[in-house]
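Number of protein chains: 2
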Amino acid sequence: MSEITILIGQSGGPTAVINATLVGLIMEAKKLAPHATLLGCHHGIDGILHEDFISLSEVPDTLSHTPGMYLGSVRKKMPRLKEAPEQYEAIVNVFTKHHITHFFYIGGNDSMDTASRLAAYFSLINFPCVVMGLPKTIDNDLVLQDHTPGYGSSAKYLATTLQTLAYDTAIYPVGRVTIVEVMGRDTGWLAAATCIPTYYSMGPDLIYIPEIPFNFDSFTKQVKAIYQKKKRVLVVASEGIKNEQGEYISSTGALDRFGHPQLGGVAPRLASYIESTLGIGTRAIEISLSQRGGSHLLSKRDYREALTIGRHALRFGLSGHHGMMVIIKRKRNSPYKIKYQLISLSKVANFIKSFPIEWMNVETMIPTPSFLEYVLPLVEGEVKISYEHGIPKFAPLSTSMPQKLDD
Amino acid sequence: MSEITILIGQSGGPTAVINATLVGLIMEAKKLAPHATLLGCHHGIDGILHEDFISLSEVPDTLSHTPGMYLGSVRKKMPRLKEAPEQYEAIVNVFTKHHITHFFYIGGNDSMDTASRLAAYFSLINFPCVVMGLPKTIDNDLVLQDHTPGYGSSAKYLATTLQTLAYDTAIYPVGRVTIVEVMGRDTGWLAAATCIPTYYSMGPDLIYIPEIPFNFDSFTKQVKAIYQKKKRVLVVASEGIKNEQGEYISSTGALDRFGHPQLGGVAPRLASYIESTLGIGTRAIEISLSQRGGSHLLSKRDYREALTIGRHALRFGLSGHHGMMVIIKRKRNSPYKIKYQLISLSKVANFIKSFPIEWMNVETMIPTPSFLEYVLPLVEGEVKISYEHGIPKFAPLSTSMPQKLDD
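Residue numbers (this note's numbering), protein chains in the order written: chain A, 1 to 407; chain B, 1 to 407.
Isolated chain A, as found in the complex:
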């Protein structure tokens, strides 16, 4: 075997298990290619362009369950070749200089687009470097795969948190309408997962997702009906719910760097609508960033799959598969069994896997038992982690050493 230099990057938003996938890649590389050089680039493709590399031959023990992103992230997406050929050439120059033979990129939709473009360019110019994508996204919205690493842990965090909120908001004989906003710009996978406590103990009464057009009149009627019965209502809404015209309920009018509309404030918007139409007291809650990094509340299955997908990707990459990503396919539900397989990056990038609308009961606004069957295996099991000083013990990030109080 000729000399191997493996480069790994992370991109997009964090998940609770994105560092587990990184550790999976590193573990398998040490096993299958013990003499390979193992590098990481800081801040995704930006780190390539700036040659901001670190060695990954030694990583901290606790890294696999550390939140955030060990290598840092980047908001940048690779432009089209014809728009910026110099960026492609710059990357090839850096890869040549550092003898990179294998490049693994862990990310979501936008990152898979970048990996896909790089892979196509390398093929075009016959550049001898394997490019492989590894999925991660709490949104669970990558096509042609059963689910994505990161989703199960965020789903577990949200289901657990919504159960707690259901208990908390049940303390008074007459309560309020509590509206909880969860992530999900395009899809309702995360919001839907909060139905688990609704089925088994206490959870949300109504769940609104982007795939079902949001109608303020129906919303008011549905809230009113439940309030009349229970004297309190717990609502979950995806940040990306849209009206019948396809406009975001929460749109601020601004666009982010990737041209996606910037969202904000679904919960306060719905809350003030209910106050003005029904005159019931409300509370708006946005779960925000903590839902994507709850490393103290990992799904064991998600954690193990995130590690394993890293190992499989390394193996597939070493055998020369190029321009592909590793995905999870579910073979059966009971007992739950999956397989890892390869798919072309170009088939995944820029597509979105919507929540199947037949999995939402639009009368009750609660996902159906078929969805429950889908999601339960993904939130299964807990990971025991170490605590020190009363808080979880994590690895320091390679991009930012722990802050010191005196510096």
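Simulated from the structure, these hints should not be mistaken for lab results.
Same chains, same label: a pair holds when it works inside one copy or across any pair of copies.
Listed below are the simulated DSSO-like cross-link pairs for lysine-lysine, each with C-alpha atoms no more than 30 Å apart in a straight line: (1) LYS231 x LYS242; (2) LYS97 x LYS82; (3) LYS384 x LYS337; (4) LYS393 x LYS230; (5) LYS393 x LYS300; (6) LYS300 x LYS384; (7) LYS31 x LYS393; (8) LYS76 x LYS231.
For this one, chain A is given, so just place chain B on it according to the hints.
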């Protein structure tokens, strides 16, 4: 011993361990007075007035770590005797009818006021019923005691969550100013606890508490200084921070039922101030209700003390101590040792224990090592709980049976 009928009520907001205190009372009653009648009143003193009682002789196994309040809560505070003598008489009538000999009320400041008034009235008319208060509040603001049950678990939840947010917000080379609002209307105990990850890994850069007058100019300077060094800032602010004139930064002008000003939106207020003065991107996060019921992330010490304080209260009550509450005094720090003792309810009700300003370094806006020494034992240890269907397994609340999807 003559016939004993014990009545227990809960009041105020939930803590993650308020049901542990209830279980402690029940366990000790079964041990010391096995023939006593054990009752709970739903929704605090409202349940007394409506004779809404349930038997507590059998409670679910998982109750001690179930969030919310098993008996429900009430927003009502006992009026002064001369304002509503009929309410006092009504309570005595109900107690007489049900032969209540011991009344235990678990709550915070307002609830201790109610217990204190009832106790004084019973003494005044020589009514033979013991009244005993049991502390619970995540705010940790009851005077003459080292700390209150509930604080340690919320402190652990917040310290853990802020550590995760510090990791999450560190992923980009240039980040934002993230402003996180935590509970604490009058005191900074909860906000201060988020310094734990700042000392040991990554946590908030600046912590603002109600005890230190908030100045927008100093705030801007402090944020700017850290941003220049780190290119990101993580700020924690208590909901109750006030300006030099003592006015709440977030005051909406409205008052709640107890006449306290209603607060809302410190984080968005500070975020928009930073955007307008420094032109840096911000994100506002409000942790909201989940910080008071994180039963999946209990402090083992807090949980055990909450149980034990229930047992001590029962024992003190059975020996006839009246008009008192059980409090925790710390004897020493290493090894940590406390004692449970009695104090008159009237000495606690309506006073507020402020965060000692000498425990805040007003240069760095980070609590001092002396506070760290105080808080670390309170967040120590984890409680292993059972999970089912991927979420924590809790007891159904006695006030609201689990909802059914078809009802």
